[in-house]
Structures are given as C-alpha cells and as structure tokens.
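Student: Residue strings, one per chain:
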Amino acid sequence: MSFLTIHNLNKHFPQENKLLTVLNQIDLEIKQGEFISIVGSSGCGKSTLLRLIAGLDREYEGEIRLNGQPVQGPDLKRGLIFQEHRLLPWLTVSENVGLALEETALSLAERKNLIQDHIELVGLKGFEKSYPHQLSGGMSQRVAIARGLVNKPDILLLDEPFGALDAITRDILQKELQRIWEKEKITMILVTHDIEEAVFLGDRVVVMSARPGKIKCIIPIDVAHPRQKENAQLFNLRNQAISNLTH
Amino acid sequence: MSTLIKFTKHFISPMRSVRSWVIPLLLLALWQYSSSQNAGHAYAFVPLQNVYNAFIELLKTGELLVNTWGSLKKALLGFIFGGAAGLALGAFMAYSKIANALISPIFNAIRQVPLLGLTPLIALWLGNGESAKIFIIALASFYPLVINTYQGLSHHESKYQELANMYQFSGWREFRRIRLPQALPYILTGINLAVPFTWITTTASELLFNAGAGLGGVMMKAEANAAMDILLVCALTVTLLGIVMTALVRALSTHLLRWRPRHAA
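Line by line, the protein sequences give chains A and B. Under the numbering used here, the first sequence has 171 at position 171, and the numbering climbs by one with no breaks. Under the numbering used here, the second sequence has 249 at position 249, and the numbering climbs by one with no breaks.
These aren't lab readings, by the way, just hints derived from the structure by calculation.
Simulated crosslink set (DSS-like; lysine-lysine; CA at most 25 Å straight-line):
id : chain 1 : residue 1 : chain 2 : residue 2
1  : A       : K185      : A       : K31
2  : A       : K152      : A       : K185
3  : A       : K183      : A       : K31
4  : A       : K129      : A       : K152
5  : B       : K159      : B       : K97
6  : B       : K159      : A       : K129
7  : A       : K77       : B       : K159
8  : A       : K152      : B       : K159
9  : A       : K185      : A       : K175
Here are the simulated distance ranges between beta carbons:
id : chain 1 : residue 1 : chain 2 : residue 2 : range
10 : B       : A109      : A       : D117      : 53 to 63 Å
11 : A       : K175      : B       : P261      : 26 to 36 Å
12 : A       : Q134      : B       : T239      : 33 to 43 Å
13 : B       : W172      : A       : Q134      : 21 to 31 Å
14 : A       : G137      : B       : T239      : 40 to 50 Å
15 : A       : Q134      : B       : L27       : 37 to 47 Å
16 : A       : Q25       : B       : Y95       : 37 to 47 Å
17 : B       : Y95       : A       : L106      : 24 to 34 Å
18 : A       : N8        : B       : H156      : 34 to 44 Å
19 : A       : E120      : B       : Y95       : 35 to 45 Å
20 : B       : W172      : A       : L106      : 11 to 21 Å
21 : A       : F235      : B       : W172      : 47 to 57 Å
22 : B       : Y95       : A       : D166      : 38 to 48 Å
If you only want the chain A side, here are some residues facing chain B, beta carbon under 10 Å, derived:
id : residue
23 : R86
24 : E95
25 : L99
26 : R147
Idealized CB from N, CA, C, for every residue including glycine.
Using the sequences and the hints given, assemble the complete structure.
Tutor: Written out as structure tokens, the structure reads:
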C-alpha cells in the first residue's frame with residue numbers, strides 16, 4: 001500500500017486577471033521509507049508541490065493523503081527543511097532543535113534526550129550551546145536537519161536544502177543525508193535542481209517540466225545504498241535524467 | 001556572575017583609560033583656579049575642598065543617603081509603572097489594528113506636550129506630593145517604551161511565521177519564542193532612552209514639587225540658602241547615579257542580546 005498518495009493534483013495561482021496553472025495533474029505514489037528526489041528547472045512547481053505536502057499551502061484541487069489521511073494544514077508528522085536554515089538567531093543549537101518538540105506532550109527529560117541524540121546524529125556534539133551566528137552555513141543546515149528529525153516525523157520534506165551551500169560542504173552534507181536516511185529509515189522527499197544530487201540520493205527521481213508543472217518521467221535508481229559518488233551506473237543515470245530534462 | 005564581571009569590565013575600562021580623564025581633570029583645575037581669584041568667584045566656583053567638606057557633612061548627617069534613596073525610590077517606581085504600562089500599550093497596539101488606529105493619533109498628539117509643561121495640570125489632579133512626581137516620572141518611561149515596543153512587535157517576518165505554523169505553535173508560544181525576542185532589541189533601545197530621561201525627570205519633578213525626600217528638594221533648599229557646595233554635591237550625585245544606571249542598562253542589553261553577532265547596544 002502506498003504511504004503518501006498524490007492523486008490528480010492541480011494548483012493554480014491567480015495572476016493579474018487569469019489563473020496561472022503551476023501544477024497540472026500530478027500523480028505520485030510513495031512507499032514508506034523511500035527516498036524520492038524531485039528535479040526540474042526553476043518555475044516547474046517543485047517547491048510548491050512540497051509546500052502542499054507540508055500543508056503550508058492548503059489551496060489545491062485533488063488529493064494528498066499520508067497514511068490514508070488527507071493533508072489538512074501543517075502537522076508534526078511532516079517535517080520540512082527549507083533552503084535557508086531558518087534557525088531562530090536568539091536560540092542556541094539545542095533550543096532550536098527543541099522547537100519541534102515544544103507543542104508535544106513529551107517530558108522534559110525525554111525532550112532533552114531526543115535533542116541530544118539528534119544533535120549527535122548530525123555530528124554537532126559540542127555545539128549545543130552555540131548561537132546560529134557562530135555556525136557556518138553547513139553547520140546551520142545540519143541543525144535544521146536535526147530539528148526536522150527530532151520529533152520523529154513520518155516523512156521529511158527537503159526544499160533545496162543544500163542549494164545555498166558551497167560545493168564541498170554540499171558534497172559532505174549529501175553523504176551525511178544518505179547516512180541519516182539509512183539510519184533513521186524515514187521517508188524523504190528532496191526537491192532540488194541539482195541532478196547529480198537527485199540521482200545520488202534518490203530511490204526514484206521524479207523529473208518535472210515547467211509551465212505548467214507536470215511530471216515528465218520517473219527514473220528508478222536501482223543502485224544499492226550506501227552509494228559512492230563515483231559509481232558509473234549513477235553517472236549513466238544522471239546523463240539519462242539530464243537528457244530527459246532538456247528534451 | 002559572568003554578567004557581573006562583564007559589567008564591571010564594561011564600566012571600569014573607559015574609566016581606566018588615561019585619555020578619558022584628561023579633560024575632566026583640566027576642567028577641575030580651571031575650576032579650582034577660578035575659585036581662588038576672589039570672593040565673588042569663590043561663590044560661583046566653590047573651592048573643591050568645600051564641596052568635599054559638604055559631601056562629608058551631608059554623609060554624616062545622613063541627609064545625602066535619605067534624599068538619594070528618596071529620589072531613587074521615586075525613579076524606580078515611576079520606571080516600573082510607566083515602563084510596564086508602556087510595554088502593555090505598545091504590545092496592545094501592535095497586536096490590535098483597531099486599538100492602533102484609535103490610540104496612536106491621540107498618543108502622538110499628547111507626546112508633543114513637554115512633560116514638565118503638564119505639571120500644573122498634574123498638580124491640580126494629584127496635588128504636589130509623591131504621587132504627582134511619580135506620575136510625571138512614569139510618563140517619562142512610558143513614551144519611549146510604547147513607541148519601541150510597538151515597533152518591535154509589529155514587524156514580523158513571514159519566514160518565522162511559517163516556522164510557527166510548521167511546529168503548531170500556540171499564540172502564546174509564538175509570542176514567547178518569536179515575536180518577543182524579535183522585539184527585544186527595540187524594547188531595550190526604549191529602555192536605554194527611558195532610563196536617563198526618567199532620572200532627569202525625577203530631579204526636575206523634585207525641583208517643581210518641593211515636598212518629601214529627594215535630591216531635587218535638597219538642591220532647591222541649597223539654592224535658597226546660597227549653599228553652592230551642597231548644590232554641587234547633589235548635582236554630582238545625580239550625575240554619578242545617571243552614569244551607573246546607563247551602564248547597568250547597557251550591561252543588561254549586552255547580556256540579553258548576546259545572541260547577536262555584534263553587540264551593537
């Protein structure tokens with residue numbers, strides 16, 4: 001049975017006096033524990049799709065169901081990581097990670113343990129008391145990942161999470177994300193414009209075309225995890241995805 | 001504890017630097033020189049040893065302590081009442097568009113009236129006792145806090161709003177975690193403005209309403225008795241306490257805004 005079902009999803013934005021179709025007839029079924037990458041040029045509606053799944057935008061036609069339940073607004077079961085880390089500058093690393101637990105019924109001790117575990121998971125032990133301005137961009141995004149995972153969501157949505165990082169940091173964090181995904185066994189949807197990243201991480205790569213945003217094709221990446229960047233098969237699949245995007 | 005150490009360092013380091021003492025010492029020398037010219041000069045520029053003697057005398061009789069405490073108590077009460085009311089009104093205006101539309105025109109109109117220009121009216125309402133003084137002092141804290149609290153709380157960023165939505169924050173938690181810390185630099189600026197203004201108003205109100213303990217009252221009496229030495233002791237005490245208060249507020253700002261990359265307070 002499918003875990004996340006998107007059926008006949010359409011999304012329009014009012015523009016001047018007509019409607020602009022951003023997403024057109026999106027159908028997608030995602031299995032539990034799967035890693036889905038969504039690629040497409042800018043303006044193909046991939047970020048909009050993610051925001052709809054997150055529940056931040058509730059105006060759409062069609063169906064989005066998680067575990068059979070229709071998505072109606074944000075829920076702690078769905079974590080979202082933004083392109084910018086979006087940490088609160090006045091809170092320490094621990095406090096920022098703890099934000100996701102504030103409206104849960106967990107005890108203080110349980111929270112503390114979860115926060116510490118996830119700070120260690122993203123490799124930031126020793127930085128618990130640091131403030132965001134003391135961290136590099138990559139470290140900040142690690143905190144954001146810890147915050148996204150700390151309340152054990154059913155699904156983690158990542159909206160170009162490494163888009164603003166330098167190439168070396170991005171490379172490191174892609175490998176880190178693969179490790180975390182394997183360890184936590186959590187469903188992830190990654191939106192990116194970096195095809196190599198999409199292929200390296202995804203079990204399937206959803207290629208979208210723009211105006212209106214449509215699913216062009218879905219490429220299965222049948223390469224066992226953990227993967228190496230240099231893998232020849234990945235390289236071929238990357239080229240296949242590129243030709244799909246550009247034709 | 002570390003705050004205390006930081007505070008002491010913050011407060012003492014400019015005092016320690018030799019350069020900051022050059023002009024005050026020169027002025028003191030000039031003062032002392034002037035006082036030694038003739039009797040008329042000695043009245044206007046009281047010799048420093050007389051000021052020192054007056055200080056010791058006022059300290060011995062307890063007059064200085066009692067009146068300093070009198071002034072401080074009023075300033076503190078006025079600051080607490082006025083500051084709390086300012087915070088509350090500023091927050092109310094930031095959260096309610098209707099309240100803002102109704103209140104802000106009249107608030108801005110009243111704010112144009114010089115505080116001490118209101119004294120006859122306040123004397124009529126509250127008499128010329130402590131409550132009238134505290135009222136004026138409270139107004140001095142009230143204005144800057146209304147404006148800055150309102151400014152701080154009313155601009156909010158949608159990216160943090162989204163975060164609050166994601167994590168299902170209640171209105172209270174959103175205020176506690178996002179809007180209040182975001183407003184804090186503004187509120188502290190308000191306090192920074194309010195504290196010296198409050199302290200000046202305290203002395204001024206004592207000069208105008210001459211009743212009860214307070215340094216302003218002592219100054220009035222000293223002026224009537226042509227006791228320039230006592231007047232100077234009071235003026236110096238007021239100045240010194242003003243410096244201490246400003247330094248305290250600055251240390252508090254630095255501590256509360258330690259999450260900022262540079263302490264611009």
